[in-house]
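*Asks:* All chains, full assembly: derive it from the sequences and hints.
Chain residues, written in single-letter form:
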Amino acid sequence: MTVTSIVPVSVANISASQMSSNEIASTQIAGAAPNAIFDTLLDHLQNVNTQLVNTDKAVQQLASGETDNLHQVMISMEQTRLAFDLVLQVRNKVMDAYQEIMRMQV
Amino acid sequence: MSMFRVLDISSAGLSVEQARLEAASSNLANANTTRSASGAMYQPVTVVVGSQVVERALGMIQKPVVVDVVPTNAEPRMVYEPGHPDANEKGFVTKPGVDTLSTMMDLMSISRSYEANLRVFDITRTLLQKTLEVGSRS
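As you go down the protein sequences, you meet chains A and E in turn. This note's numbering puts the first sequence at residues 1 to 106. This note's numbering puts the second sequence at residues 1 to 138.
Treat the hints as calculated values from the structure; they're not laboratory data. Fair warning: this is a prediction, and the values are worked out from it, not measured in the lab. Keep in mind that a hint or two might mislead.
[Said to hold, decoys possible] Distance ranges between label pairs, derived from CB positions:
(1) A/Leu45 / E/Thr131: 17 to 23 Å
(2) A/Gln60 / E/Pro76: 41 to 47 Å
(3) E/Arg5 / A/Asp68: 19 to 25 Å
(4) E/Val65 / A/Leu62: 21 to 27 Å
(5) E/Val134 / A/Gly65: 37 to 43 Å
(6) E/Leu28 / A/Asp96: 56 to 62 Å
(7) A/Leu52 / E/Ala37: 40 to 46 Å
(8) A/Leu52 / E/Glu81: 55 to 61 Å
(9) A/Val94 / E/Met108: 48 to 54 Å
(10) A/Gln60 / E/Thr100: 37 to 43 Å
(11) E/Val134 / A/Asp39: 19 to 25 Å
The C-beta atom is built at its ideal place from N, Cα and C for all residues, glycine as well.
*Replies:* This is how it looks when you write it as structure tokens:
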């Protein structure tokens, strides 16, 4: 997950620098980079949401007796929790960085 | 997802142990069955476990998978029970060749294997959780 999360950011940076000349590219990257991070975060949040919905479905199936193995439901619940924790940690890091910048003396 | 690969492998292990448990319980429960659904004798079943290379994993890391559940060729037991509707003319009833003692031993081994797989899952989860805490203690 961490590896895939880095890739879109670098791709965005590369495409931004390829599209325009150096001066414009530098401003674009400066503008684009934080958005790219938020986009990645949103993408991950979307993934986690899908996982949550799937887990919810699995739990419902378990409750109605359609699933026959408990461990797969438990494991998918744990996976969803870990994926959510990861997104939460990324969000915390981004917010920390943002607050650090806001505290800067100008 | 790459970080969940270990969880997938131990999940496969749990599934295999569940199948073995089902086979053992079927054998024990049918130890005194004298006719089966098809009319033939109940044959004790055993689980054939194969392995599968895990996709996108390093090298030859494999996960177990239940290939088939097949009847064994255990000899049926002859129990003297005259008067039983399924008894032959000498008074013997044919019962499935379920070895209750070795099935109980199998149950112990299944239970330990299941626990081992759960332990792997727990350890992996703890490690992942600890990894997510990197940098949050400062």
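*Asks:* Look at each hint and say if it fits the structure.
*Replies:* Results for each hint:
no.	hint	result
1	A/Leu45 / E/Thr131: 17 to 23 Å	holds, 20 Å
2	A/Gln60 / E/Pro76: 41 to 47 Å	holds, 44 Å
3	E/Arg5 / A/Asp68: 19 to 25 Å	holds, 24 Å
4	E/Val65 / A/Leu62: 21 to 27 Å	holds, 22 Å
5	E/Val134 / A/Gly65: 37 to 43 Å	holds, 41 Å
6	E/Leu28 / A/Asp96: 56 to 62 Å	holds, 58 Å
7	A/Leu52 / E/Ala37: 40 to 46 Å	holds, 42 Å
8	A/Leu52 / E/Glu81: 55 to 61 Å	holds, 58 Å
9	A/Val94 / E/Met108: 48 to 54 Å	holds, 51 Å
10	A/Gln60 / E/Thr100: 37 to 43 Å	holds, 39 Å
11	E/Val134 / A/Asp39: 19 to 25 Å	holds, 23 Å
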